[in-house]
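Enquirer: Could you slot chain B onto chain A? The hints should help.
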Amino acid sequence: MFRITHLPVRGVALMLAVAIVCASLLVAAVPGPAQAKERVVRVSGWGGTDIAIVEELIDRFVKPQVAKEGIVVKYEPVADEFSTYLMNSLSAGTAPDLFYVDIYWSHGVFASGAVEPLDSYLAKSRVLKARDIVPDLLKAFTLNGKIYGIPKDFNTLALFYNKDLFDAAHVPYPNANDNWNTLTEKLRKVTNKSKGIYGIALTPEFARFGAFAYAAGFKPFDAQGHTDLSQPAFADAFKWYTGLVREGIGVLPADLGQSWGGGAFATEKVACAVEGAWMLGFLRDQAPNLPYGVTLLPKNPKTGKRGNIIYTVSWSMNAASKDKDAAFRVLEALTSPEAQQWILERGLALPSRAKLANNPYFQKGTPEAQANKIVFAGASDGYVYPFSFGKYGGDWMTPINEALAAVMSGKATADQVLPDLTARLRQLTK
Amino acid sequence: MKMADMPTIPRGSATGRRSKVSADLPRPIRPGAGAAYAETIQPDPRWIARRRWARAGIIYTLLLACSLLFVGPLLFALLSSLKDNPSEWPPRLDPPQLNPANWAAAWQLGRQGGGNGWFGQFAPGRSVSFEVRYLVPPGAAAVPPQVQVPRRVPGAGAGAVRLGPFAADVAEVSPPQEVSRQPLARGTVVTYRFRIRNAGTVAVDRLPLDVSVPAGQVFQGATLWPSRQERQGRVQSWNNVTAGLIPYVFNNYVRVFRENYSRSTGQNLFLAWIRNSFLLATVRVLTTLVFAAMAGYALARLRFPGRNAVFFTLLFSMMIPSQVLFISNYLVLRDGIWGLAQIWGQQTLLNSFTGYLLSSVVTASGVFIMKQFFESLPASLEEAARIDGAGYIQVFTRVILPLARPALGALTILTFQGTWNEFFWPLVVLTAPQDRFTLTVGLLSFRRTYGVAFDWGPLLAGAIISALPVIILYLVFQRYFVEGISFTGTKG
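So the sequences go chain by chain: A and B.
For the first sequence, position 182 matches number 184 in our numbering, and the numbering has no gaps at all.
For the second sequence, position 214 matches number 215 in our numbering, and the numbering has no gaps at all.
I should point out that these hints are in silico values taken from the structure, not numbers from a laboratory.
There may be inaccurate statements among the hints.
If you anchor each label on the Cβ, the simulated ranges turn out as follows [stated by the list, open to error]:
1) A:His172 x B:Ala66: 51 to 61 Å
2) B:Val471 x A:Lys76: 49 to 59 Å
3) B:Leu332 x A:Ala113: 18 to 28 Å
4) B:Met319 x A:Glu347: 40 to 50 Å
5) A:Gly392 x B:Thr314: 45 to 55 Å
6) B:Ala468 x A:Glu207: 27 to 37 Å
7) B:Arg198 x A:Glu249: 49 to 59 Å
8) A:Ser93 x B:Pro101: 52 to 62 Å
9) A:His228 x B:Trp345: 52 to 62 Å
10) B:Leu332 x A:Ala178: 48 to 58 Å
11) B:Leu332 x A:Lys393: 21 to 31 Å
Rough simulated footprint, nothing fancy, chain B against chain A, three-plus residues with beta-carbon under 8 Å [to be verified]:
12) 49 to 58
13) 301 to 309
A virtual CB, placed ideally from N, CA and C, is assigned to each residue, including glycine.
If we strip away everything but chain A, and leave its shape as in the complex, we get (with noise of 0.2 Å):
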């Protein structure tokens, strides 16, 4: 018979409490496994198509140069989110030891001072220097004199272009000559040769009016560190940019059903777009057969210069890393000039090595490597910025967006919003 008494529970917990203590004790006593003698490197980047593109960068370029040194590769790519997730394992300590920085979010990371400060390291190299690496992008990942980042690659903007609608209008497709009112003119007359058809997809961002802004020498920050839109440069390049939507010859991505400029292109419907390499891969997936060519953005007719923005991401290296110089080793392989060549030759992305402008596949035939060339050309051609806007982020440009859109979509005019927008960067840069 089984006799039926009150659990024990009392006891029970009290020799769980006792177990428990025990064995941290006992784990606190021994010491943890001997650490191998592997010098592991974490590096972290976000997924996507980059991942292929790192994992194919370590097997080749990497471990070959640094496994003599007993340095091990590991790659953790992070599935959406990098810059949360970035700053999360930051603060947490479990950040990995070289990962990307997007040059947009980089102002918070650097100040932060989560992230080693390169130059000692440059110093001493003797395969990576700071004269390598085209000296505009560099400056981008400098805050205070240090630099922080090694560029990975980039983009900027350019003018596409669909020949099929010029050719059917009977315009001369646009080139590195035009400027503002002569690509004006040929779009003009591209819209309006048949219904439907518009000359330039333009969205109302900040993003990619900036490079017309900065055009007609537009400075986002004045010495102070203040922004003046009552710049008449600023003024111009808002009247013109929102003035050929209201004209008919521009037309917003969203009136085509479309969410940027690229899709707007894909549709056949607009002759032109403003955007970056990043087109290339969409094209390829989406209308492989458009036949399109790639040329510089216009000039402004005042300054006689072009305009652009820089789109890049760094490798940057983590201030509490256990094995500094390891890390240092990968990024030099990283970003050596072979590593780079291979990614430029498979049409992959832009290098940042200044060297490589002169790369065979930049004379490559191929649309896309004529589209890349521009692309790589745009970073130093006139008043290029890069895409960040220091400690205000984001916050600079809505302001911005807001009034293009109001604008663009005939809400207001340009004289009614813009003495309000000069009055709210003011505020917020005071």
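Expert: Here is chain B on its own, set in the frame of chain A:
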């Protein structure tokens, strides 16, 4: 439907025929009304029938409308996931993938290419016969189309960096031959035929095709409907002519599986994610069942000191949003539960299934469900068992657990679908390597893989696949779901 509810209707002209029927019907009883009156207000049975049908009709129409409203987005997503361009505008409700004529063509072409109809390929030595039809306007000369097998890589995803083999390297296209002419009022429809032969030595899984004609000729049709038309109809373009039936209809689904593999381990990532989600959900269901049942029973039936304190702690823990705890939970996992994980050799529990599972062995709401259920069972059942000599363990396993099947069923389903759909915690805990993601986190990574090229098809296909287990679960276990909701008042 009670007769007393029916409004009264004066007799109509058909009284005589009705009296037979009304004998079977209960008479409406009206207080204060005389028998004679009651006789005169007999409701018309045909009217009742009509009324019943009308009510059923309204209810079914409403239910159908509601279900369409709720299921509509899912059906639309399902439809879009089959399309080559899911974000096409305006959206078509009859994509070529749903046309049986194209199914037959895809099957035929897949077989001609050396595949088996279900899954095609383009094998060495095989040749594929293909026809295209164009309308030539009156007065214009019919110009044979130019046919080309392009060297095409997918724009996004792992496919974008693949090295081949490419069909363009092995395919030989015969010059298009005119097969027939059919005069119509608006012009002449000319049919051309050509053959594509694999002259190489390797089998290729994709055979893309571009056919272009001079402006003015209008595309009428082809053996297989093209994936897209470009340059104002001048170019017809196919992604894969010898796809076979399944990759043709379920192109995005096949891509999800084929294009996502880990380049370091060679594992198929999408399968790995599905497996991970299943594994984690199953283990968590088991631990939840065991611990929630035991804890719920203890709280419901056993008398021990501190019982109320435990119960109130439990209740209190249910009131704290998990977002508040996630930083501390993360830190605990990072340090391997204060170093305890070193007992079994783990320095950190981040990026490990053990850590993920340990952090949620059982939920307070699970214990709560079981406690409430056990309290609803009559105590006399246990008393009877004890009189028969059963101990606590025996009472629990032999009497209580079999009775608790409905509650356990509800708990199983709630836990399974909760874990299957859980997103935030796996995103935080399981960040690397890729083949350790759960399906939800894997789908998020698709946003970067495909979304960057606006290639939304695989993302939609993946989402549909991830919804399937829960939909099946709902269909099979509807009853338990309802019970689960009635136990807790919540849905998981």
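Enquirer: Indicate whether the distance between the beta carbons of methionine 319 of chain B and glutamate 347 of chain A respects the range 40 to 50 Å.
Expert: violated, 58 Å
Enquirer: Please check whether the stretch 301 to 309 of chain A has three or more residues whose CB lies within less than 8 Å of a CB on chain B.
Expert: Violated - the stretch 301 to 309 of chain A has 0 residues with a Cβ nearer than 8 Å to chain B, which falls short of three.
Enquirer: Could one say that the CB atoms of leucine 332 of chain B and alanine 178 of chain A fall in the range 48 to 58 Å?
Expert: Holds, since leucine 332 of chain B and alanine 178 of chain A (Cβ atoms, about 56 Å apart) stay within the stated range.
Enquirer: Starting from the range 49 to 59 Å, see whether the pair arginine 198 of chain B and glutamate 249 of chain A falls in it by beta-carbon distance.
Expert: This hint holds: roughly 54 Å between Cβ atoms.
Enquirer: Between valine 471 of chain B and lysine 76 of chain A, does the beta-carbon spacing fit 49 to 59 Å?
Expert: violated, 34 Å
Enquirer: Okay, alanine 468 of chain B versus glutamate 207 of chain A on CB: inside 27 to 37 Å?
Expert: With a Cβ separation near 34 Å, alanine 468 of chain B and glutamate 207 of chain A satisfy 27 to 37 Å, so the hint holds.
Enquirer: Does 45 to 55 Å hold as the CB distance between glycine 392 of chain A and threonine 314 of chain B, or does it fail?
Expert: Holds: the Cβ-Cβ distance is about 48 Å, inside 45 to 55 Å.
Enquirer: Three residues minimum, CB to CB under 8 Å: does the stretch 49 to 58 of chain A make the cut for coverage by chain B? Let me know.
Expert: holds (count 9)
Enquirer: Please check whether serine 93 of chain A and proline 101 of chain B have a Cβ separation lying inside 52 to 62 Å.
Expert: Once the Cβ atoms are compared, 57 Å apart, the range 52 to 62 Å for proline 101 of chain B and serine 93 of chain A holds.
Enquirer: Confirm or reject the claim that histidine 172 of chain A and alanine 66 of chain B have a C-beta distance inside 51 to 61 Å.
Expert: holds, 55 Å
Enquirer: Does the hinted range 21 to 31 Å hold for leucine 332 of chain B and lysine 393 of chain A at CB?
Expert: holds, 29 Å
Enquirer: Please check whether leucine 332 of chain B and alanine 113 of chain A have a Cβ separation lying inside 18 to 28 Å.
Expert: holds, 24 Å
Checked against the numbered hints above, the structure breaks hints 2, 4 and 13 and satisfies the rest.
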